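Chains as they are written, first to last, in our numbering: chain W, 1 to 177; chain V, 1001 to 1310.
By construction, these hints were calculated from the structure, which means they are not laboratory data. All values derive from a computational prediction rather than experimental measurement. We put the beta carbon where it would ideally sit given N, CA and C, even for glycine. Some hints here could point you the wrong way.
[Unchecked claim] With a cut-off of at most 20 Å between alpha-carbon atoms, the simulated PhoX-like pairs for lysine-lysine come out as follows:
#	chain 1	residue 1	chain 2	residue 2
1	V	Lys1267	W	Lys125
2	W	Lys31	W	Lys58
3	W	Lys88	V	Lys1105
4	W	Lys133	V	Lys1105
5	V	Lys1248	V	Lys1267
[Unchecked claim] Just the calculated beta-carbon pair ranges, DEER-fashion:
#	chain 1	residue 1	chain 2	residue 2	range
6	W	Glu84	V	Trp1270	29 to 35 Å
7	W	Thr149	V	Ser1218	52 to 58 Å
8	V	Leu1258	W	Lys88	58 to 64 Å
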Amino acid sequence: MSESTEKKMVRLRSSDGEVFEVEESVAKVAKTLQDMLEEDCADAVIPITCVRAPILTKVIDYCKDQVMISSSSSTTNNPNERTEQERKAWGQKFMEGVDSSTLCELLVASNFLNIEGLLNLGVDKMVSMIQGKYPQEIRDMFNVVNDFTPEEEEEIRNQNAWAFERDPYYKKRSSSK
Amino acid sequence: MSFVCGISPAWGHCGGAAGTTWSLADSDTDRALVQFFLPYIRFRRRKMESIPVCVHRPQAQAAAASNLSLVFLRSSVMEEDGDLDSSDDKFGNLPDHLLIEIFIKVPISEWCQISCVKKQWAALFRGECLWETAISRTWPLPAQRKKWPGPIPRGSSRRRYEALYVSKRVFRLEWEVDELMGHIYLFLKHQLEHSTMPPSIGILRGTIIDQFIACGESSDRAYELSALVWLAVINNLEENERTYLLLKHIALEGDVFLPYPYSRSYKVDWRIFEKLFTDFRDCFSQADFFDVLACAKYKFQGIPSTWLGY
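Sequences are here, hints too, so could you generate the full structure?
Here it is as structure tokens:
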């Protein structure tokens, strides 16, 4: 890749109309954008229709970091190169302080833009948020409306309390309730 | 000029929406849409592939059901352009396949809790998609296994997951027949626990051995595996009155002499008596105790002293 193409800029428009200008290499972290750019549609502003500006900012941060990693790891023995552990720590830090609604939007965005790494980070974060919580706690956290009647909820609970009843962990939880 | 538009499987949704395609004609009404999708259409048009469209599940389902493709696309455009903040339920915006990715990473013991959060989630746990994904993530090899002949069917994806889980937890097996073992375990446990009539043990035993033979096991192996399943089920029955009656029924059942491999397994018989004389000792009436003890003396050469004494 020559010097000039590397500096090529791409413009992205968020759902609320804000336009972001990023380097092509950064945009290409997103597979969806990469496909589009390879088909040479880069002259227009690319509408990112389901992502709001604050979320897109966060996504771009992630992409920039990915570019930094890949450019530094291409040269051997580079002190900037990260170990698996550091990458994990970085991912945790990146997701730190992300609240539940931002997280949902980030997931939608990384799904739409097809950024696997960010998607995995988001999924892991989401898992850690809902793990070990009762249904009502999950509803409260994500503003989910309970559309069950108590009887229906009980029925679902019974339907799904199947082969795992022997799981010691399961027993502990359900008896502590 | 027309474009094929739709949700490609990679952006998949369950419930038949994945891979559904819509045609956009080049009419006045569609022009705005074409304009909107232009960047996407341009890059895909030579390949005539589906265009990834970010949609929500209810819309996708409605569109798939009514075929009102253009209305659907337009409303989707409107909504995506509009204020996403208007919806408080951010979780509602997550496509099903993402929810599934999240759910299957949560420990299994909590799935029951998660399924009661809302109806959409409960529906995911009822559907095939979640279980299929869970199987292929957890056990990539058995996931490709084809259906088998024989009296015990493979069943739904959920049943398969259950079977695989059981074979992992109960039998701690990794080898090839493990899914089958799980299915047979579930079948036998269900028969013993839930049938209203006490099942004929001889017939159950025959069914299980037939199933192993139908799947290509030798007589020796079928006999061995069947004994393993019986032992596992007997060990995992709940300790209650019903189980006591069931075990007593099996213990006292008259011996019908059948040729190998259909004959009764010594190990299984032993375990049944052992369980009766230890775990269920307090349930015996005096008459029952001596009946069962007589039966045990007839069957086994030596009887442990712990079994004796009412």
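Now for the hints, and whether the structure bears them out:
1. Restraint check: the Cα-Cα separation between Lys1267 (chain V) and Lys125 (chain W) comes to about 49 Å, which exceeds 20 Å; the hinted pair is violated.
2. Of the supplied pair hints, the one linking Lys31 (chain W) and Lys58 (chain W) holds, its CA atoms being roughly 17 Å apart against a limit of 20 Å.
3. Between Lys88 (chain W) and Lys1105 (chain V) the CA atoms are separated by roughly 17 Å; this keeps the pair inside 20 Å, and the hint holds.
4. Between Lys133 (chain W) and Lys1105 (chain V), the direct Cα distance comes to roughly 14 Å. Compliance with the 20 Å bound is thereby established for this hinted pair.
5. Taking the CA atoms of Lys1248 (chain V) and Lys1267 (chain V), the gap is about 16 Å. The hint holds against a cut of 20 Å.
6. Between Glu84 (chain W) and Trp1270 (chain V) the Cβ separation comes to about 51 Å, which falls outside the hinted range of 29 to 35 Å.
7. Between Thr149 (chain W) and Ser1218 (chain V) the beta carbon distance is about 54 Å. The supplied range of 52 to 58 Å therefore holds.
8. Leu1258 (chain V) and Lys88 (chain W) have their C-beta atoms about 59 Å apart, which keeps the hinted 58 to 64 Å range intact.
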